[in-house]
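In order, the protein sequences belong to chains X and L. Going by UniProt numbering, the first residue of the first sequence is number 1, and it counts up by one from there. Going by UniProt numbering, the first residue of the second sequence is number 1, and it counts up by one from there.
The hints are simulated quantities; they were obtained by calculation from the structure and are not laboratory data. Worth double-checking, as some hints may not be accurate.
Unchecked claim - Only pairs whose alpha carbons sit at most 25 Å apart, straight line, appear in this in silico DSS-like list of lysine-lysine:
hint, chain 1, residue 1, chain 2, residue 2
1, L, Lys442, X, Lys311
2, L, Lys248, L, Lys184
3, L, Lys769, L, Lys803
4, L, Lys628, X, Lys489
5, X, Lys68, L, Lys628
6, X, Lys68, L, Lys562
7, X, Lys372, L, Lys628
8, L, Lys420, L, Lys442
Unchecked claim - DEER-style ranges, computed between Cβ atoms:
hint, chain 1, residue 1, chain 2, residue 2, range
9, L, Gln616, X, Glu469, 51 to 61 Å
10, X, Ser296, L, Pro222, 40 to 50 Å
11, X, Ser296, L, Ser679, 55 to 65 Å
12, L, Ser227, X, Ser296, 52 to 62 Å
13, L, Gln249, X, Glu469, 53 to 63 Å
14, L, Arg232, X, Arg496, 21 to 31 Å
Stated by the list, open to error - Selected chain X positions facing chain L (Cβ under 8 Å, derived; list incomplete):
hint, residue
15, Ser34
16, Thr439
17, Tyr484
On a predicted model such as this, the values are computed, not experimentally measured, just so you know. All C-beta atoms, glycine included, are put in the ideal place defined by N, C-alpha and C.
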Amino acid sequence: MKDLTNDEPKVIDEEMLKQAIEEQGPQGQAGDISKKEGIQYEDVLQLRLDYRNILKIFHLWHFTSLTKLQLDNNVIERIEGLENLTNLVWLDLSFNNIQVIEGLEALVKLQDLSLFNNRISVIENLDTLQNLHILSFGNNAIAQLENVLYLRKFKHLRTLNLAGNLICEEESYKTFVTAYLPDLVYLDYRLLDEQTRETANTKYKYAVEAMQQNELQEQQAMEAQKISNEELQLHKDAFVEFLNGPQLFDSMFDEDPDGEKLALLPGMESKMEALCVQIFDAGLTQHAQRTAEVESFFTCSHEAVADNRQKAAQIAADFESSRRQVMEMQQITDVELLEDNISFCQEQASQLSETLMSLELQLVDQLEDIFKDFERNISDMVGGFIEYVHTFAQCRDLENQHHEQQLEIALATLEKVVKNDIDCYKDTVTNAVSASHDTHLLKIDNREDELLTRINSWMSGLLKSIHDEEVKRNRKRVSEIRNYVSYVKDELEDMRMSEHH
Amino acid sequence: MEVLPEVDCEEDVTITDDEEDDEESSLSNIRITHTVTHIAKPRPQVALSKCPSSYKENSSQEKLMAAMAENFRQQYALLYPDRKALLLCPVNECSVQKFVSTTLRSTLLPYPELYDWEGCASFVADYLSLELLDPPFELPKQLSSPTWVLQTQRGTCFDFSIVLCSLLLGAGYNAYCVSGYATKEMCLLDQSRQECPLLQPQIQDKTEEPKKPMKKYSVKPPRDLHSNFERRQEEKQQAEAEAATLKKQLDAERLQKERERPPPDPLRGLRVHCWVLLLSGNREIPENFFIDPLTGKSYSTTDENFLGIESVWNHQNYWVNKQDCTFGCNEMTFDLGDLSKWEYVLCGQSLSIISDPKTLEEPEDEEEEMDELKVFEMPPSWVTTIDISPADMEMRYPGGMKVIEYRKAKLEKFAPYLLKDGLVTKLTTYKDLDCTKASTIKEWFKHRSDHLDERELHTDSNVTTEHFRPGRSDALKYHRYVTLVPETERQMDFYSHIRTDGLARRIEKPFEMTETFENRTDFLFYRNAVYGKQIKVIRAGEALEQRPLQRVEERFHRDHSKPASKDVAERIFVVSDRRIQVTFHLEDDRIIPAWLNFIKPKEAADSQKAQAFTPQMVSGFQVDPSTKPYTNLQLYEMLVELMREEENVELHIRDSEKEVRSILSSREKEDSNTDLLISIYNPTRNEMARLHMEEKERMAKEKKQRQKEKELDLLAPSQVRLGLPEVLTSQDALQLKTDCLNEFKQQLFNKASLIQSRIEKETEELQKKQLWYQKNYLTMSNEDEDDYLAYCSDAMFRIHVLKMRLIRHKERAPQKYLALEEKLKRHPRLASHFL
């Protein structure tokens, strides 16, 4: 209470934090131990900083694993400095001077938020806090009933306190809140009974239904968007996106200023599209084949690893239990027998290390074998696809053909129109037509190149990642074995030493 | 061999209810004092007066049939002088000749178990007891009706077959009675050389798991560096050794069989037997086969126990076998329409059922008599409907029990509710052929209130195993024990899904208890406690004998909500050593788990302070050296938690011990005094249900009675005045009637005068009020005037209503009077006087 007499507002500082932690941390023997050891701010789970006349939140960024923070009964004016406390579940900011809700975006795990007795007039900036269960906005300055609608997006909200706000004086306050927040269980310290719900539902039936309808539509739209995105992703994974329609063809003519002027020959578009679709279909099927191949490789290699791991774990567990028996013999007075046991155990330990290592080596060999197979197969598959993709050559042929025809027609037309000065126009026309042709060819080439580079990079990336993973796994296992064996040997040596003394 | 108890079988066979009780009481000695004999008592006499007329005389059709049969017999004797006489028209229990086919009475009884042939066959085998043929190579002289056989529950193999065939025909099977020859064992119902069917191991259909398809990238197994040659040599040696032992075994078996072989039967091939043939076709029977009615077992038609067939019959016809049976029934065909193999007695439509269409045209030119009688059909059965009461059905065995002896085994069967302890089947197996040294005793129970289902006792090891059905409050499922004394070796299995602690099994050994659990929310699945020597513990002022805990081990399944390195897999509390050992689960890609060893600090004693926690009390291994080691605070908190857990664990173990003791004591109680559960749907046995039903009936009756009484006796008051004469004279009746009418008249009159008087009263009051008004109307206030006017209109209305009622009453009164007069005229006690 002495803090209250001292009227001077404070900022949270090191000293205050230390004092609070010591007061609130473990007591008794545990407290002694923790004091001796020093307290790590990262490990503190709960912190209470109430009645301290705090004006500014500061110095809290170390408390990364904090789940419960009480800052009530202070003079805080702004919510700030909480960005690092991402594990917070409970935050109490009641009885302060906060005017605007802000700075809470990072606290996505928050379930219980109290802003009781502040000066808030608008409920806002809480969109990321989807886990909210309990919300307290009592004794604030909320005057607009529409603020409640904002709370509809919190699907887990069950308890809400708005008592002591201006909106509570409105006659329809309770029914309005009940109708628009149908999942609410407690409102303003009271259980919402059936009767209230019923009257609320009848009163706002149409309004709520309309709102629900809108929300549903939005949701559906989002889902549709998601599905189409997924589809596109699939196509991208198969490296054949935008080839299932006239997109390539369209793009060929989009960036071709001359082409538009030149009349398009019939048949070209449909033929082009058919070719694209052909590539597209092949791409999808080959993609499926590749995924199946990759999957089968992974299941097999995982199986082998799991199998090996199980065997090794069994061997290690057997050894461990026999070792413990030896360790328990410490009480034996017969020095020689103990010595014998220890040396036997040491021998066993080196044997164990050998067995485990050979098992690991065996696994490495096996995995290498299948990896080689896999590498060969997958590169064959990719090669096959690349070969198939040379269908683009047909596109080019088509384009060439088209170009020739176009040129021919253009010249013929030219001849008809202008009989005399044919030569001076001829160049212009020919240039225009061939420029258009070049653009088209470039487009096709670009698309093909893109496809090829991407599939090759995918393959090399995949193979590299598999290889890296395997190396990592191997290192980990080897270090594990070495670590264990050295631990065992140290222990045995210690035992022997203590015996000799 | 069929064994029947020495029951004092009542002479008349209709066992009445009160006699049943006597029988039940005498059953306790029955079980011990049975002798090995077949029924040798005199046949119960037929009460001729009780038999229906069809039993005692032949109808005209039956006479005709008998004549035809006689004709057939004569011709048969002429054609086949070497063959034995046929069973065509034996006498029935009333000494009247009846044709065998008419003795069959196809019947379908309303018991679901009798809807298929297995049920029928085992029922007949269980329900009847065998009377041997005397002599065994002659056909019986008498063939009783199935109703009589079922009533007496005894009969020859022919009676058995007739009953079974009747039931099978009723159930829609194509069944025939077969008269022929069989082996001695079959005829005498001697199963002492057969294995008990209950002992035969259940054939488990081994469905081998389909081998996993070799996947494309399956790793190659590591190269095998053993010599193939050595392995082959080893295999060879093993195979040789195996072959040698197998041979030895076979030899021993053969010798054994040799020794057990019965002496040759001098009457082989002559012993007459009767059994049932089921032909394929109906009711999805794929193949012809025989059923032996004495055992209820099925045999293939080529079985070597059946040595020959004379004739077969069903309810429609009779066929004589013309095939050679020198080598048994191996090569018999059962195409009854084949005239070269079977000779029929009756030709006609009935044949079409079983014969080929082409044989249908032929039968005309067979016999002279047949010509005129070609559409003669088998007369309907003379037997009355076969009926078996539910009580008899439940009793099933003659006298409620049956004993069958098998090779090295004895099977006793009892009807449910017959024995006080609910025993229904008891199988004793012996070590020797003479059945003197029992090796196991297996008992099956039904309707026991402690839900005991099965008990098996091995006499060698003295181990008892018990199986329980679900429904016990302690959820016990299985119990294996030597004695019911606690802290000895035993195993208890439980229905774990019923128990709140998920306990599935508890195995006890001296100084050890192991419990396994299923589906616990704390993932515990194993707990093992090791005890030390018993010591005295003083708790709550009582000295208790308690075994101190030395070591407790608990294991847990993986809890995926925690990281593996923080999820405890095993906890070992070494109580005697003051140590606690915690092993964590393996991480996903590790082979060595992390563990921690704690040494418990000493508690505060009288002289010493409690030992403070120091980091030296903890040792352990961490797989990954790069992870942050535990802080001292964390370790201390863990230790405190573990010490608390240790106390909890001890409490759990003591609770388990307590539970074991309570289960054992309750088992002891249940075994010595068990009740049988009676379903509420069993009104004959369920006393409560019956009382309830009776009470209901009584209530209904009383209600009816009361309703009857409610109808008032019009004459009663007048009759009382006359002094309640028993019989009314006509004068009295007249008097009664006039009295009654007069009284009613008076009543009507009284009512009219009452209404009249009310009218007068109302009018008077109104007049008074009017007078008062006329006097004071000048000085009255408006309110009073209103009051007055309201009153006037009210009174006028009342008077009007009363007047209406009076008019109505006057109109109605004569009608009512007449109605009463009419009613009195018809009154049962007066009617006779006014006719």
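To see whether the hints hold, each was checked on the structure:
For the hint linking lysine 442(L) to lysine 311(X), the alpha-carbon distance of about 44 Å lies beyond 25 Å, and the restraint is violated. Annotation: proposed proximity of lysine 248(L) to lysine 184(L) is violated, straight-line Cα distance about 32 Å (limit 25 Å). A hinted pair counts as satisfied when its Cα atoms are at most 25 Å apart, and lysine 769(L) with lysine 803(L) qualifies at roughly 20 Å. This hinted pair checks out: lysine 628(L) and lysine 489(X) have alpha carbons roughly 22 Å apart, not beyond 25 Å.
Of the supplied pair hints, the one linking lysine 68(X) and lysine 628(L) holds, its CA atoms being roughly 24 Å apart against a limit of 25 Å. For the proposed pair lysine 68(X) and lysine 562(L), the alpha carbon gap of about 21 Å is at most 25 Å, so the pair holds. For a cut-off of 25 Å, the pair hint linking lysine 372(X) to lysine 628(L) is broken: about 38 Å separates their Cα positions. Using a Cα cut-off of 25 Å, the hinted pair lysine 420(L) and lysine 442(L) holds, with the two alpha carbons roughly 17 Å apart.
Between glutamine 616(L) and glutamate 469(X) the Cβ separation comes to about 41 Å, which falls outside the hinted range of 51 to 61 Å. At about 22 Å, the CB distance of serine 296(X) to proline 222(L) disagrees with the hint of 40 to 50 Å. Between serine 296(X) and serine 679(L) the Cβ separation comes to about 58 Å, which falls inside the hinted range of 55 to 65 Å. Range check, serine 227(L) to serine 296(X): Cβ separation about 35 Å, and the 52 to 62 Å hint is violated.
The hinted window of 53 to 63 Å between glutamine 249(L) and glutamate 469(X) holds, with their beta carbons roughly 57 Å apart. In this structure, arginine 232(L) and arginine 496(X) break the distance hint of 21 to 31 Å, their C-beta atoms being roughly 48 Å apart. Interface restraint check for serine 34(X): the shortest CB-CB distance to chain L comes to about 5 Å, inside 8 Å, so the restraint holds. Look at threonine 439(X): its Cβ only gets to about 46 Å from chain L, farther than 8 Å, so that hint breaks.
Given hint, tyrosine 484(X) at the interface with chain L, holds; its Cβ is 5 Å from that chain's nearest Cβ, closer than 8 Å.
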